[in-house]
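S.K.: Please model the complete structure; the sequences and the hints are all you need to start from.
There are 4 protein chains.
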Amino acid sequence: MTDSLRVGVIGLGYWGPNLVRVLTEMDGADVVAVCDPRRERLEMISRRFPAARSYEKPQELLDDAIDAVVIATPISTHFELGLAALEAGKHVLIEKPLAASSIEAGSLISRAGELGLVLMPGHTFLYSPPVVCIHDLIAADELGDIYFISTSRVNLGLHQPDVSVVWDLAPHDFSILRYWLGETPKYVRALGRGCVIPTIPDVAFISLEFDSGPIAHAELSWLSPSKLRRTTIVGTRKMVVYDDTSNEPVRIFDAGVELPEPETFGQYKLTYRTGDVISPRVDVAEPLMVELADFRAAIVDGRTSKSSAFLGLEVVKMIEAVDESLATFGARVEVNGLPFSSRLDATAGSIQSRVDEREAAI
Amino acid sequence: MTDSLRVGVIGLGYWGPNLVRVLTEMDGADVVAVCDPRRERLEMISRRFPAARSYEKPQELLDDAIDAVVIATPISTHFELGLAALEAGKHVLIEKPLAASSIEAGSLISRAGELGLVLMPGHTFLYSPPVVCIHDLIAADELGDIYFISTSRVNLGLHQPDVSVVWDLAPHDFSILRYWLGETPKYVRALGRGCVIPTIPDVAFISLEFDSGPIAHAELSWLSPSKLRRTTIVGTRKMVVYDDTSNEPVRIFDAGVELPEPETFGQYKLTYRTGDVISPRVDVAEPLMVELADFRAAIVDGRTSKSSAFLGLEVVKMIEAVDESLATFGARVEVNGLPFSSRLDATAGSIQSRVDEREAAI
Amino acid sequence: MTDSLRVGVIGLGYWGPNLVRVLTEMDGADVVAVCDPRRERLEMISRRFPAARSYEKPQELLDDAIDAVVIATPISTHFELGLAALEAGKHVLIEKPLAASSIEAGSLISRAGELGLVLMPGHTFLYSPPVVCIHDLIAADELGDIYFISTSRVNLGLHQPDVSVVWDLAPHDFSILRYWLGETPKYVRALGRGCVIPTIPDVAFISLEFDSGPIAHAELSWLSPSKLRRTTIVGTRKMVVYDDTSNEPVRIFDAGVELPEPETFGQYKLTYRTGDVISPRVDVAEPLMVELADFRAAIVDGRTSKSSAFLGLEVVKMIEAVDESLATFGARVEVNGLPFSSRLDATAGSIQSRVDEREAAI
Amino acid sequence: MTDSLRVGVIGLGYWGPNLVRVLTEMDGADVVAVCDPRRERLEMISRRFPAARSYEKPQELLDDAIDAVVIATPISTHFELGLAALEAGKHVLIEKPLAASSIEAGSLISRAGELGLVLMPGHTFLYSPPVVCIHDLIAADELGDIYFISTSRVNLGLHQPDVSVVWDLAPHDFSILRYWLGETPKYVRALGRGCVIPTIPDVAFISLEFDSGPIAHAELSWLSPSKLRRTTIVGTRKMVVYDDTSNEPVRIFDAGVELPEPETFGQYKLTYRTGDVISPRVDVAEPLMVELADFRAAIVDGRTSKSSAFLGLEVVKMIEAVDESLATFGARVEVNGLPFSSRLDATAGSIQSRVDEREAAI
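Protein chains in written order, with my numbering: chain A, 31 to 392; chain B, 31 to 392; chain C, 31 to 392; chain D, 31 to 392.
Read the hints as simulated data drawn from the structure, not as lab findings. Since this is a predicted model, take the numbers as computed values, not measurements. Don't take every hint at face value.
You can't tell identical chains apart in this list, so a pair holds if it fits in one copy or across any two.
[Unchecked claim] Here are the simulated EDC-like cross-link-like pairs (lysine to aspartate or glutamate), alpha carbons at most 20 Å apart as the crow flies:
#, residue 1, residue 2
1, K257, D306
2, K216, D241
3, K87, E70
4, K268, E278
5, K257, D273
6, K257, E288
7, K268, D175
8, K87, D284
9, K216, D94
10, K268, D306
11, K257, D284
12, K257, D192
13, K257, D313
14, K257, E278
M.R.: So this is what it looks like as structure tokens:
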């Protein structure tokens with residue numbers, strides 16, 4: 031590998047140009063090739079980034095002299111393109127979700143492990159400073175035990191042509207929930223509706239139950255009058271509101287309820303506590319820049335990226351379970367996730383050891 | 031009956047004094063008697079309203095010369111007190127929910143019908159100008175068909191000693207939903223948790239499915255950092271946000287998605303439309319005043335109150351179904367509600383005809 | 031004086047009934063008489079507070095057995111009624127502003143001093159918990175030196191029949207500014223306009239200069255689309271936003287600009303600092319209750335009320351200076367206020383000593 | 031002139047790169063040359079826009095084959111660079127404010143007129159869709175006569191090294207006010223303070239009086255805890271709030287006060303009217319793109335740009351008057367502006383005719 035990572039980007043739709051731009055701006059990486067079947071997209075990128083070679087076919091890009099591939103194509107193509115890139119000996123970052131099924135995701139993980147290559151899903155929110163801030167508050171036990179988390183991610187937004195609102199938006203919330211709680215939910219349950227196109231849900235209400243106690247709910251919609259990105263985290267000690275659209279994205283409420291004498295439940299001597307509200311200063315780092323630096327570091331240093339393939343697999347399992355619940359009128363569906371592991375996978379472990387662990391589990 | 035309705039109020043806790051105050055201020059009614067087992071509550075009211083006679087026992091009040099009784103006591107006492115009042119020949123208004131079970135509520139309705147007395151639950155929100163405004167928008171087909179309704183009613187609130195957050199808060203949202211859609215949901219499903227007191231749910235996420243198409247979701251909580259009263263109604267033509275805490279409680283978004291050529295689903299030529307946002311002027315009438323005037327009119331004119339006993343019964347059935355779903359880990363529970371009836375019951379019908387109809391149905 | 035202060039209230043318009051209600055609810059005071067020339071106002075109060083005797087003429091009330099008088103009448107009557115009450119030997123609280131001119135206010139102060147009676151203006155905001163919170167932050171030097179204060183107090187509001195928006199609203203902001211800064215401004219300058227009634231300004235923009243450094247600006251209007259009560263206080267260390275309409279009325283911004291090397295002005299190596307934002311928990315005490323308790327304490331204990339007659343006089347001087355500036359197309363007008371006195375008068379001093387000091391100054 | 035306008039950009043600081051980007055993206059113009067004394071700025075632009083030739087000295091750029099020059103340098107250099115560009119026969123767009131004094135601005139206008147070249151200041155806000163929307167509401171008499179306008183433009187912002195907050199921010203508000211009202215104010219008055227650097231005002235409160243009736247106030251500051259961009263426009267019929275940071279930037283309040291019988295001023299039978307609030311849909315065009323297209327059209331079609339040199343001159347006169355008021359402790363200073371001309375200059379007139387008119391006036 032040369033000092034500067036030679037990266038190829040496949041897919042120049044909505045997100046791909048951002049990847050090209052940030053890879054170009056960051057230290058230690060160069061975009062040496064881009065690929066898209068649409069000539070006008072290639073030309074648009076060529077004008078702005080003339081140093082990158084253009085290809086219409088992915089295999090041509092894979093045959094070029096590159097170290098790593100970033101894939102930003104429709105979900106249905108993630109597996110095929112990801113596998114081809116791995117087989118060509120490239121490290122791979124795939125936009126979220128990692129693949130269109132857990133089988134596909136698991137196969138990619140296995141193959142990456144066999145070949146000793148980095149495989150990473152692009153769960154950008156795990157690198158967002160407010161999300162990291164709340165993770166650290168939870169990890170430091172500032173909030174106490176988590177009672178519940180409620181999130182709304184809605185706007186009058188871009189209906190996707192090939193996937194439901196769940197496949198489009200849930201990867202954000204599910205990856206954040208798993209990162210914060212270090213745990214895949216045990217059960218999910220969902221109600222949705224395809225309002226505009228009956229076969230494609232564009233609104234969904236999803237309940238999640240975690241084995242260690244917390245419950246969560248996610249409201250997802252492409253069909254709402256105004257943009258909402260609001261998450262409430264309620265713990266035994268404090269409560270937090272996270273609003274990605276605010277310039278105070280994290281607000282910590284020193285508020286709660288206390289049961290001074292738990293033995294006298296029948297009498298309910300509850301005390302309400304409302305103290306200060308604090309909006310901590312949050313860094314303004316661009317999450318995508320941090321994510322791509324983590325991808326580079328995973329390749330160079332051989333460590334697991336925070337947005338790990340295993341987390342990506344868990345997210346896909348959660349979405350699959352939601353799909354099953356939607357198909358069975360909201361039945362409670364078990365997610366066959368990895369067990370609660372002291373938030374281990376978010377913080378440590380080499381690629382190989384995690385692959386070993388994972389293969390044993392499959 | 032005298033010209034001015036002689037009213038007795040039973041229960042002087044949180045809400046009772048409001049009822050006394052508004053009944054005193056309104057034309058055509060007088061509070062002639064109040065009842066509460068707590069002497070200090072009676073004395074507090076006597077100081078402010080010396081004309082009202084005080085009783086510690088409900089039967090004493092019922093023996094007084096009154097035309098109507100308003101009951102604002104804990105839910106578990108609604109049936110017994112309501113029945114006693116009816117048997118004493120009094121018209122009865124019972125605070126929401128009408129009773130602690132649909133059997134109790136149905137019995138009260140039957141008995142009121144037999145005796146030709148008014149029985150009315152206190153679903154005050156049905157008299158709230160913003161709620162009426164949205165009802166009228168839906169009835170006038172301004173919003174088109176309703177795709178879905180999502181509502182959050184949360185705050186750091188008063189845990190009730192005897193009931194869950196569902197029995198406490200859902201009567202508001204369920205009565206509003208039924209009023210707006212003119213239809214009892216076919217199915218409900220709920221996930222909740224008793225965070226502070228494990229046996230008493232203080233947070234709940236409730237999904238509702240209506241036979242005619244719409245879905246709805248209600249988030250209810252006594253355990254949230256800040257008060258939210260936000261409801262989004264999404265229709266085929268327009269969308270509305272209702273926020274009871276705002277001085278622009280109703281906001282109409284002329285926004286939506288259009289499928290110009292429905293035959294080409296596969297190509298998804300969706301068009302997004304975002305036009306003006308309008309906050310219509312909404313009256314500032316006090317809902318409780320309008321409700322109590324409706325109670326008086328139902329007695330004097332013999333017509334069904336907008337907050338009808340039947341609507342009250344449907345609300346209780348919805349809550350019962352939610353309880354069953356909570357007890358079965360979120361199973362989809364059918365609500366044995368009245369069928370969709372062209373929004374008939376919200377607008378017309380005499381007491382007796384509805385009683386007849388209802389009795390035939392039971 | 032009896033244990034419980036016997037109070038008479040003159041003026042039952044908009045504010046008077048609030049005074050009656052709070053005096054009735056508080057310990058240590060009774061409303062024994064009320065006075066208003068309008069029979070219907072007297073009857074309305076009698077129904078709600080039957081223990082208070084009703085009078086149509088102020089002198090009748092002053093002849094009754096009372097210890098203190100609260101005057102809530104139009105500004106033009108403050109002096110005559112206040113003087114009559116003092117001459118009748120009553121302690122007096124007069125709604126803000128204390129009088130219609132500084133000569134009137136000074137005369138009332140002199141006479142109260144001679145007679146050893148309490149004279150207090152009703153600057154309620156000095157008892158508002160957020161205002162007190164910010165006062166204490168300034169006093170504790172948490173904000174550093176104050177650079178400037180900017181305040182907007184506007185709404186679509188009640189045009190007063192007899193006074194301008196300045197006499198109506200400025201007493202709030204001017205009393206607050208004087209309380210916070212402990213200093214009467216040296217100069218004021220104002221631009222206003224009588225939009226609806228040309229002779230009565232209903233919008234005004236007022237600049238204030240304080241000798242010790244700070245500048246301030248107040249925007250006052252009865253003619254604005256939405257209610258604003260927003261004050262920004264910018265200090266060398268921190269900044270505060272005070273919004274009386276918010277449920278987080280005080281927000282402290284740990285933000286500022288630093289000049290690391292003041293000698294190198296020419297190079298402007300400014301550093302911007304933005305830290306946490308804190309909304310401190312603020313008490314929910316009703317300001318009017320605290321104000322009236324302070325009035326009672328001033329009578330019983332012989333100490334100066336926080337809303338002192340001297341502060342009330344300074345506020346009247348400020349308003350007079352604004353009127354003069356308005357009449358001279360915005361000329362810079364000197365306020366002949368008391369000198370900067372280390373915030374002394376807000377915290378200490380007996381009535382008599384201040385009267386002495388004041389009389390020496392007049 | 032070739033079909034595509036050949037443009038050179040001088041000054042690659044904060045704003046220059048935006049000009050280069052937008053000129054590159056728009057039809058009918060090419061950036062053929064850029065100039066900045068700082069090599070690293072030139073290199074940064076060369077990487078992104080390799081087709082543009084780089085120069086360190088302005089005269090080199092002026093000697094190149096270009097049709098027009100865009101100047102985005104410190105204010106103190108506007109006159110010298112603008113004049114050199116005109117003498118070199120180039121059309122000129124100068125970032126706001128047009129020049130550092132009205133004499134300089136007037137000289138540039140005269141010279142441009144003599145040479146038949148376009149001279150245009152970059153008052154970008156005149157091309158902002160919300161500002162245009164409000165202009166059109168006023169022009170269509172939707173708001174009635176304007177009573178007053180109040181604006182706040184504050185944030186914790188970038189202190190400029192060479193100019194006060196007035197020269198930095200007032201060009202925005204002054205150009206908008208003149209565009210909306212079609213009139214230069216007759217008088218201004220200002221209070222300011224150099225908080226951080228005593229010689230450079232970083233907060234200012236500015237009053238403006240217009241001959242035809244309206245008054246206005248502008249609060250400008252680089253030293254405020256949170257960003258505010260809020261303007262209130264109050265007319266006899268309606269009121270508007272313009273908030274550039276909101277996704278509903280224009281809100282129209284159908285609210286006001288009515289004097290049904292003007293002859294009875296003494297009795298004040300005022301009626302308050304509060305109707306709907308409407309947030310009209312506003313285009314999302316990038317103002318800078320529209321501005322530069324207007325510059326091109328002025329060159330090609332020989333018509334006056336909306337952001338005209340005359341408007342730019344009037345803005346400079348207003349700022350000069352503010353500076354004089356600041357230096358004289360807030361004296362009321364007359365602005366020797368063009369007379370009220372039925373909003374003529376915002377809508378019509380060829381360059382030459384306006385130059386003639388102007389020269390006659392000088």
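S.K.: Is it within a copy, between copies, both, or neither that the alpha carbon of K257 lies no farther than 20 Å from that of D273?
M.R.: Both. Shortest intra-copy (11 Å) and inter-copy (15 Å) distances satisfy the 20 Å Cα cut-off.
S.K.: Since the copies are identical, ignore which copy is meant and state whether K87 and E70 lie within 20 Å (CA to CA) inside a copy, between copies, both or neither.
M.R.: within (14 Å within a copy, 37 Å between copies)
S.K.: How would you classify K257 and E278 at a CA-CA limit of 20 Å: within, between, both, or neither?
M.R.: both (16 Å within a copy, 12 Å between copies)
S.K.: Using 20 Å as the alpha-carbon threshold, which applies to K257 and D192: within, between, both, or neither?
M.R.: neither (22 Å within a copy, 38 Å between copies)
S.K.: Using 20 Å as the alpha carbon limit, work out where K257 and D313 are close: within a copy, between copies, both or neither.
M.R.: between (23 Å within a copy, 18 Å between copies)
S.K.: Check K87 against D284 for me: Cα-Cα at most 20 Å, and say if that holds within a copy, between copies, both or neither.
M.R.: For K87 and D284, the Cα distance exceeds 20 Å both inside one copy (55 Å) and across copies (43 Å).
S.K.: With identical chains treated as interchangeable, where does the CA-CA distance between K268 and D175 reach 20 Å or less: within a copy, between copies, both, or neither?
M.R.: Only inside one copy: K268 and D175 sit 9 Å apart there, 34 Å across copies, limit 20 Å.
S.K.: As a check of your reading, is K216 near D241 (CA-CA no more than 20 Å) within one copy, between copies, both or neither?
M.R.: For K216 and D241, the Cα distance is within 20 Å only inside one copy (6 Å; across copies 30 Å).
S.K.: Can you give me the call for K257 and D306, within, between, both or neither, at a CA distance of at most 20 Å?
M.R.: between (28 Å within a copy, 16 Å between copies)
S.K.: Classify it for me, K257 with D284: is the Cα-Cα distance of at most 20 Å met within a copy, between copies, both or neither?
M.R.: Between copies, since 15 Å is at most 20 Å while 27 Å is not.
S.K.: When Cα atoms must be at most 20 Å apart, do K268 and E278 count as within-copy, between-copy, both, or neither?
M.R.: both (17 Å within a copy, 17 Å between copies)
S.K.: Given a CA cutoff of 20 Å, do K216 and D94 count as a within-copy pair, a between-copy pair, both, or neither?
M.R.: Neither: 44 Å inside a copy, 59 Å across copies.
When held up to the earlier numbered hints, the structure conflicts with 8, 9 and 12 and fits the remainder.
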